[in-house]
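**Q** So you can see what is in the structure, the chains are spelled out below.
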Amino acid sequence: MKHVIKQILILILFWGSSVGALADPVTFTAQAPAGVAEGQTFQLTYSVNKSADNLQLPEIKGFEIVAGPFSSSGSSVQYVNGKVNTSVYTTFTYTLLAQKEGVYTIPAATVHVDKKQHTSNAVTIKVLPRDAAETNQQGRQQQATPSSQQLTEDNLFIRPIVSRTQVYEQEVILLTYKLYTRVDVVNITDMKLPDFKKFLLQEIEINDAQRYGVENYKDRNYNTVILKQTLLFPQNVGDISIEPMSCTAVVRLRSQQRGRNFFDSFFDSYQDVKKTLSANRINISVKALPKPKPTNFSGAVGKFSLQSDVNATQVEVNSPITVKLKITGTGNLKLLKDPTLRLPADFESYEPKITNNFSVTTSGMSGTKTVEYLAIPRHSGQFDIPAVDFCYFDLSTNSYKTIASDAFTIVVDKSTSVNEDGVVMNYSGQEQIRQLGNDIRYIRTGDLNITQAKTIFTGSMPFWTGYLVSTLITLLLIFFFQKQAKANADMALVRTRRANKMARKRLRTAGKYLKTGEKELFYNEILRALWGYLCDKLTMPVASLNKENVSTKLAERSVQQPMIDTFIGLLNSCEFERYAPLQNSQAAMDRIFNDTISIISSLENSIKK
Amino acid sequence: MNKQFLFCLALGIASLFADSVFAVQTKALQAAGHYAAKEYDEAAQLYAEIIEQGNVSADLFYNYANTCFNLERYGEAILFYERALVLNPLHEDAQFNLDFVNQRITDKIERMQPFFIISWINALGLLFTTDEWAYGSIALFVVALTGCLLFIFGRYRRLRKAAFVVGIIAVGLSLCAFAFAFAQKNRLEAHTDAIVMVGAVTVKSAPNTDSADLFVLHEGAKIAVIQAVENWSEIRIADGSVGWIKNTSFERI
Numbered sequence: 001m002k003h004v005i006k007q008i009l010i011l012i013l014f015w016g017s018s019v020g021a022l023a024d025p026v027t028f029t030a031q032a033p034a035g036v037a038e039g040q041t042f043q044l045t046y047s048v049n050k051s052a053d054n055l056q057l058p059e060i061k062g063f064e065i066v067a068g069p070f071s072s073s074g075s076s077v078q079y080v081n082g083k084v085n086t087s088v089y090t091t092f093t094y095t096l097l098a099q100k101e102g103v104y105t106i107p108a109a110t111v112h113v114d115k116k117q118h119t120s121n122a123v124t125i126k127v128l129p130r131d132a133a134e135t136n137q138q139g140r141q142q143q144a145t146p147s148s149q150q151l152t153e154d155n156l157f158i159r160p161i162v163s164r165t166q167v168y169e170q171e172v173i174l175l176t177y178k179l180y181t182r183v184d185v186v187n188i189t190d191m192k193l194p195d196f197k198k199f200l201l202q203e204i205e206i207n208d209a210q211r212y213g214v215e216n217y218k219d220r221n222y223n224t225v226i227l228k229q230t231l232l233f234p235q236n237v238g239d240i241s242i243e244p245m246s247c248t249a250v251v252r253l254r255s256q257q258r259g260r261n262f263f264d265s266f267f268d269s270y271q272d273v274k275k276t277l278s279a280n281r282i283n284i285s286v287k288a289l290p291k292p293k294p295t296n297f298s299g300a301v302g303k304f305s306l307q308s309d310v311n312a313t314q315v316e317v318n319s320p321i322t323v324k325l326k327i328t329g330t331g332n333l334k335l336l337k338d339p340t341l342r343l344p345a346d347f348e349s350y351e352p353k354i355t356n357n358f359s360v361t362t363s364g365m366s367g368t369k370t371v372e373y374l375a376i377p378r379h380s381g382q383f384d385i386p387a388v389d390f391c392y393f394d395l396s397t398n399s400y401k402t403i404a405s406d407a408f409t410i411v412v413d414k415s416t417s418v419n420e421d422g423v424v425m426n427y428s429g430q431e432q433i434r435q436l437g438n439d440i441r442y443i444r445t446g447d448l449n450i451t452q453a454k455t456i457f458t459g460s461m462p463f464w465t466g467y468l469v470s471t472l473i474t475l476l477l478i479f480f481f482q483k484q485a486k487a488n489a490d491m492a493l494v495r496t497r498r499a500n501k502m503a504r505k506r507l508r509t510a511g512k513y514l515k516t517g518e519k520e521l522f523y524n525e526i527l528r529a530l531w532g533y534l535c536d537k538l539t540m541p542v543a544s545l546n547k548e549n550v551s552t553k554l555a556e557r558s559v560q561q562p563m564i565d566t567f568i569g570l571l572n573s574c575e576f577e578r579y580a581p582l583q584n585s586q587a588a589m590d591r592i593f594n595d596t597i598s599i600i601s602s603l604e605n606s607i608k609k
Numbered sequence: 001m002n003k004q005f006l007f008c009l010a011l012g013i014a015s016l017f018a019d020s021v022f023a024v025q026t027k028a029l030q031a032a033g034h035y036a037a038k039e040y041d042e043a044a045q046l047y048a049e050i051i052e053q054g055n056v057s058a059d060l061f062y063n064y065a066n067t068c069f070n071l072e073r074y075g076e077a078i079l080f081y082e083r084a085l086v087l088n089p090l091h092e093d094a095q096f097n098l099d100f101v102n103q104r105i106t107d108k109i110e111r112m113q114p115f116f117i118i119s120w121i122n123a124l125g126l127l128f129t130t131d132e133w134a135y136g137s138i139a140l141f142v143v144a145l146t147g148c149l150l151f152i153f154g155r156y157r158r159l160r161k162a163a164f165v166v167g168i169i170a171v172g173l174s175l176c177a178f179a180f181a182f183a184q185k186n187r188l189e190a191h192t193d194a195i196v197m198v199g200a201v202t203v204k205s206a207p208n209t210d211s212a213d214l215f216v217l218h219e220g221a222k223i224a225v226i227q228a229v230e231n232w233s234e235i236r237i238a239d240g241s242v243g244w245i246k247n248t249s250f251e252r253i
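Line by line, the protein sequences give chains S and F.
Position one of the first sequence corresponds to residue 1 (the numbering used here), numbered consecutively onward.
Position one of the second sequence corresponds to residue 1 (the numbering used here), numbered consecutively onward.
To be clear, the hints were calculated from the coordinates, so they are not data collected in a lab.
Note that beta-carbon positions come from the ideal geometry of N, C-alpha and C, so glycine has one too.
One thing to keep in mind: the hints can contain errors.
What the hints assert, rightly or not - One side only, chain S facing chain F, incomplete, derived with CB under 7 Å:
#1 I440
#2 R444
#3 L448
#4 A453
#5 I456
#6 T458
#7 F463
#8 L477
#9 F481
Based on the provided sequences and hints, a complete structural model is requested.
**A** Okay, here's the thing in structure tokens:
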């Protein structure tokens with residue numbers, strides 16, 4: 001029983017392994033050299049990793065099947081760490097003759113594996129023209145991959161190939177150092193590349209299929225090997241010459257000595273020869289980018305597109321947002337300035353994360369540069385993320401182009417989330433108002449109060465006139481007022497003066513009447529003199545004076561009572577004498593005349609102003 | 001006939017005046033629109049036309065200066081900020097922008113800070129315009145004269161005393177106002193300050209091209225003109241250095 005189980009186990013194991021072999025995908029590939037010369041034969045091989053039959057060849061144009069198919073098959077079994085690997089292969093080989101120069105494609109062939117049809121790949125073959133030298137020699141050398149016996153300049157050289165020699169600054173140049181050989185090169189050593197001082201260098205990785213080829217150059221067919229392929233981005237303007245590169249090739253030559261002994265005719269003897277090769281100098285003229293350069297020029301030269309993307313346009317406070325700027329294109333991607341996004345100043349923002357995904361091909365450097373910004377809004381509100389301008393020099397139109405990304409509006413809502421501690425996330429610390437930038441202030445709008453230029457009042461004629469006129473008016477007023485005051489003062493004086501004068505005048509008249517003895521007129525004059533004098537002296541109108549108030553008025557003027565009594569007595573006696581028919585009237589008149597003079601003179605002295 | 005003609009003439013002049021005022025307003029509005037649309041060339045042209053017509057206004061000069069700044073014509077911008085400040089020394093925006101532009105220009109000349117009392121007095125003087133000071137001075141003079149009259153002719157002792165005090169104070173104030181009025185007038189009319197308008201100019205030691213080079217001034221530098229000889233002017237910069245430059249290289253404020 002135990003034995004049976006063991007057997008079954010072994011069976012399963014083998015079955016499993018065979019299933020594993022079956023499970024391997026079928027690969028059916030066609031192989032042929034990339035290039036052949038006209039009139040040359042070559043082998044086209046179809047290989048399958050299984051046992052196969054019934055190969056159906058497509059119609060092959062441009063080639064003649066000289067021989068084939070020769071099919072061969074084989075199998076191998078490998079034990080690795082106790083594991084059995086069985087591999088089976090089948091190959092079909094045709095020998096074809098290249099009939100005419102050109103590029104031909106052999107379409108896919110089909111084959112049957114386990115009664116299932118499989119399709120191979122198509123093969124492209126370049127048929128080079130007949131070698132000029134060989135045609136002359138009537139095809140003595142049948143192979144396009146010759147191994148000539150002489151080492152001449154024609155048989156082995158390096159050629160530098162540049163994609164263009166007239167470029168703009170930063171415009172890509174493809175530089176290839178290609179080895180052309182008609183001899184058997186065993187090895188290349190001591191490769192000395194020039195220092196590409198004024199260029200930014202970008203090596204191109206090449207695989208073997210790309211590295212080796214055949215080429216017809218100057219009517220001769222060569223095997224070619226790409227020694228070095230790089231992209232150059234000129235960093236300086238002007239004529240730049242690239243120093244020659246050099247290397248040493250080890251060439252295996254068939255020995256020229258023949259027939260030394262019998263075996264030499266069967267076994268060729270070979271000799272390794274070293275030869276130093278050097279490529280030519282290359283001159284490249286680099287043009288400056290046209291001026292004026294836009295101020296926002298990013299330094300990018302080529303063709304680009306810009307996309308922007310935001311993960312959310314409506315977020316809560318404190319939840320982060322990411323804004324991606326993606327520059328896609330071909331050109332000097334490595335050198336372009338990162339576009340800067342102006343995030344709202346209130347956002348907490350971090351250094352952008354820059355991801356470069358560039359691929360280098362013979363046509364230049366292309367790829368994507370992604371700039372990713374992370375920002376955390378700390379306050380609610382509506383914020384604008386403006387568009388980003390990206391200015392580059394477009395080589396297809398030879399002009400500067402500005403492309404802009406989309407602008408976004410982010411709505412930040414108040415946070416409703418309460419974190420686990422039951423504390424509402426809230427940054428409520430007070431902040432200083434931050435100055436974000438400097439610019440001039442905006443123009444004044446509205447009424448500008450525009451007026452015509454006017455003359456200044458200060459120091460003008462009216463200005464001085466103002467002072468002058470006011471001074472003159474004041475002076476006039478002073479003069480006037482002073483005069484007025486003086487006049488007022490004078491009037492009393494004049495009146496008192498006039499009182500004396502009038503009294504004297506009347507007394508003189510009275511004196512005349514005294515002499516003539518006209519009694520009535522005399523007394524009349526005396527009374528008028530007394531009353532008039534008093535009126536003038538007291539500056540009172542005649543009508544308001546009578547015997548009754550005379551004494552009080554005089555007393556007010558501090559006239560002594562005896563004098564007042566004398567005055568009143570005199571008035572009374574005057575009135576009495578005037579109508580009294582007295583005999584001795586002349587004597588009375590004399591007495592009254594004298595009394596009047598004496599009383600007026602004494603009043604003159606005693607009445608105060 | 002004659003009366004009718006005069007009436008027509010008056011009407012014509014009035015309408016012409018109103019028309020031009022209206023036109024200027026419209027132009028200013030248009031220019032502001034261009035400025036807002038960042039079409040600075042057009043805005044500058046319109047403002048320049050308004051200014052050429054002999055119109056003055058601190059705000060107008062300020063706006064023109066802003067436009068020039070945006071066109072990177074820094075010399076002109078500084079010139080017109082300064083002109084705006086001459087008209088209105090308390091124009092805060094013009095002062096701010098002038099300081100801003102002065103940081104952009106090549107020459108950094110240390111300005112001497114005047115003694116604080118002097119700057120206070122200057123600030124006091126800027127409270128009113130020269131004409132306001134002049135009218136004030138005359139009014140105070142009249143008050144003083146009235147005081148004088150009252151003092152001489154007042155009937156009562158107390159009135160006379162008060163009139164004396166008022167009169168003396170009024171005379172003092174009138175003199176101060178007089179001084180301020182002339183200080184302001186001088187500031188407006190002196191035109192001694194100027195702005196370098198060319199990219200760079202070499203200041204010479206004498207008014208001819210053969211003389212020694214002293215120093216180089218760049219666009220936007222403020223200079224004071226001391227005297228002029230034919231087409232050369234002797235200038236002094238804020239740090240006190242003196243030299244000669246050609247009249248074509250600067251513009252007086």
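**Q** Hint by hint, note whether the structure agrees.
**A** For each hint, the structure was consulted:
1. For S/I440, the shortest C-beta to C-beta distance to chain F is roughly 4 Å, which falls under 7 Å, so the interface hint holds.
2. Of the supplied interface hints, the one on S/R444 holds, with its beta-carbon coming within about 4 Å of a beta-carbon of chain F, less than 7 Å.
3. Because the beta carbon of S/L448 sits about 4 Å from the nearest beta carbon in chain F, less than 7 Å, this interface hint is met.
4. Given hint, S/A453 at the interface with chain F, holds; its Cβ is 5 Å from that chain's nearest Cβ, closer than 7 Å.
5. Here the hint on S/I456 is kept, as its CB sits about 5 Å from the closest CB of chain F, short of 7 Å.
6. The beta carbon of S/T458 comes within 4 Å of a beta carbon in chain F, closer than 7 Å, and the hint placing it at the interface holds.
7. For S/F463, the suggested interface contact is upheld, since its CB lies about 6 Å from the closest CB of chain F, less than 7 Å.
8. Given hint, S/L477 at the interface with chain F, holds; its Cβ is 6 Å from that chain's nearest Cβ, closer than 7 Å.
9. The beta carbon of S/F481 comes within 5 Å of a beta carbon in chain F, closer than 7 Å, and the hint placing it at the interface holds.
Checked against the numbered hints above, the structure breaks none of them.
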